[in-house]
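K.L.:
So the sequences go chain by chain: E and C.
Using our numbering, you'd call the opening residue of the first sequence number 1 and step up by one each time.
Using our numbering, you'd call the opening residue of the second sequence number 1 and step up by one each time.
If you're looking for bench data, these hints aren't it; they were derived computationally from the structure.
Keep in mind that the hints are not guaranteed to be accurate.
Stated by the list, open to error - No more than 20 Å apart at the CA atoms, straight line, and that leaves these computed lysine to aspartate or glutamate pairs for DMTMM-like: (1) 47/E / 255/C; (2) 448/C / 300/C; (3) 47/E / 444/C; (4) 47/E / 451/C; (5) 264/C / 156/E; (6) 260/C / 156/E; (7) 126/C / 202/C; (8) 170/C / 26/C; (9) 365/C / 156/E; (10) 482/C / 472/C; (11) 443/C / 202/C.
The lines below spell out each chain.
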Amino acid sequence: MKKKFYIYRSFERFWHWMQALCIFFLAATGFEIHGSFSFFGYQNAAKYHNIAAYTFIVLIVFAIFWHFTTGEWRQYLPTTEHLKSQINYYLIGIFQNAPHPTKKTVLSKLNPLQKLTYLALKILVIPTMVISGLLYMFYRYPQKGTIEGLNIGSIEVIALFHTAAAFLLMAFVIVHLYLITTGATMTSNLKAMITGYEELEDPHAAHQPEATSTIKTELEV
Amino acid sequence: MVSAISILTSKSTEQTKLEALKEKFDKKTQQPVDHSQFAELKKKFSTPQQVTEACIVCHNGRAQEIMRSNHWNWERAEYIKGRGIVYLGKKNAINNFCIGTEGNEMSCAKCHVGYGMQSSKTFNYKDESNIDCLVCHDNTETYAKAQEKGGAPDPSLDLSLIAQHVGKPKRTNCGVCHFFGGGGNNVKHGDLEKAMFEPSKDVDVHMAVEEKNLQCVDCHKTENHMISGKMYSLSSMNRNRVLCEDCHNESPHNDAILNKHTLKVACQTCHIPTYAKVNATKVAWDWSSAGKLKDGKPFEIDDKEGNHTYLSIKGNFTWGKNLKPDYVWFNGTAGHYLLGDKVADTTKPLVLNPLYGSYNDVNSKIIPVKIHRARQPFDPVNAIIIQPKLYAEKKGEGALWKDFNWETAAETGMKEVNLPFSGKISFIRTEMYWPVNHMVASKENTVKCVECHTRDNSRLAGLTDFYMPGRDYSMIIETAGKAVLLLSFLLVLVHGGFRFYSSRSEKRKK
């Protein structure tokens, strides 16, 4: 029995799409600064990269606040439950039209692989980008500059961390864009992130009459 | 936020700063006195010394100031790292143009602020009447020194007229020597040449006649005849430098990222994209071919623009126009090859004035330089550079420029500087570093970021002791990163392909 559930609330969708925009823009300007190609012009790229970086940091601050006030951070707690079957699904089941091994619900939106990947992004890749990026902006060299405590001899290490994490983030984006299409239908994940609603298996449908379950859903909203 | 604030503050200070400077140099200063009204000067001068004596009558004490200056003494005390205090100057320095003044003073002293220098050893540095006031203070633009007369003026000059029209030095006064050093226009510096007498805005934004029309002494501020600024061809210490920051501040840009650069990058590096913009400058001098004669006579070969490419007296030259500078780290100190120093390694070019500095040195900044390369005479047995006798008045005195014989020129020259000569002459490669400080471009024409921040042909490709975004990367991270991206992409393609294929076969089954 499938029902429409409101699974991504407005801030969450705003955060997601702003973050996507920031990451794409930071990647475009960042890899120009890195010397990979030229498009905006080097000076513009550097200027825009800094502006986008501040925007992203503000967004991250709001997102962290949102995660804790809503308790949504629990979505990212890693689990080994169904991990193996999820891997098996992507390797085998998906080609045999097998059902998703983990049921998406409002309280558990992420499968165990997503939980692991997003957690790694949140606690490793994004912090590496932000910290190395802030050091890039505020390092103090040589014995002059913005913050006395950030007195360093060379930006090489900072730059290399920033670049390495950028490559990882880009790899994530490629795979993420593809995995969007592996929902119930090709576009159901994308639609959900745009509208907030997704048709999911109703976990209460088997035990309760239809009318009550509708009320229940609305309450959850 | 922090950068936003700094953007705002730097913008507002720069505007007032620049506006204040513009206003300051818009004011036309008038000569405070009219020298043509002074009785002391209303007479016929038969010798230049008489003019000097007339000057001193009113300007007492000034002669002593000149006699303390390096324009007069041709040397000053310099501390050189590793060798202590050295008296260094035109008197004894070795360069890779005309090599050195010793023994050649009759010719070289055309640019001495004095009269009658036959030899720097015998010249009376205490005789104030030999001071040449006019070469710097003539405002008629008619004063000129005679060729090869030890600094004496051209005998045809109207000294009375000149003496009655003296004043603050103009570009013409400084330029007659500083634009022609090394034996011709723009030979030495590359950024100081006759086009700077009346430069357009394209040549120099400060000195442009149609702009602020700055004179040399507007930046090279002078107190008691001590002129600020000097060249590292003849000096070694981080003192008495003229910096852009003397007028502009250290964070003059509207862009915070640009302002950060001023920690490690000198203003000139970005603001002087090219030098020798109007006339070519000498970039290489090969002494080894000097002395050839055609029908027993010296000859010259010129290029299309009229630059000498060969002179029997000097050898072969290479010229360059609109040159991109080379770049070095510089902390304001330099070393010097001094006459008589042993040269240990002749496989590499000998740098006569190494500029010191590095990325890790907090006092160093990247500066633009002109590198002048030469092959110059060398005594391979004694391992010292030869100071040849170049100029003499007559043939048979051993001078290369009269007799065209390297052996006698080397022997005579080395005897005059009291150094041994083995009788053997070879030619070694030498380099000199000339900081480029003039020919400042307008802000629209500065060096673009990407000219340095690029992987290929970066202007700073030669400075490899630091990490620069856009130019540098880690091969490991670059390769691994690209591999991860490629693998991700392939994974997506293969996985997606299989899904597409399997869904089609599912449909067919149905």
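K.L.:
Hint by hint, say whether it matches the structure.
P.N.:
Here is how each hint holds up against the structure:
1. 47/E / 255/C: 8 Å, holds
2. 448/C / 300/C: 41 Å, violated
3. 47/E / 444/C: Between residue 47/E and residue 444/C the Cα gap is close to 18 Å, so the pair holds against 20 Å.
4. 47/E / 451/C: Holds, at roughly 17 Å.
5. 264/C / 156/E: 16 Å, holds
6. 260/C / 156/E: Given that 20 Å is the threshold and the Cα spacing comes to 17 Å, the pair holds.
7. 126/C / 202/C: Judged against 20 Å, a Cα distance of about 45 Å means the pair is violated.
8. 170/C / 26/C: OK: residue 170/C and residue 26/C at ~16 Å, within 20 Å.
9. 365/C / 156/E: 18 Å, holds
10. 482/C / 472/C: 16 Å, holds
11. 443/C / 202/C: 11 Å, holds
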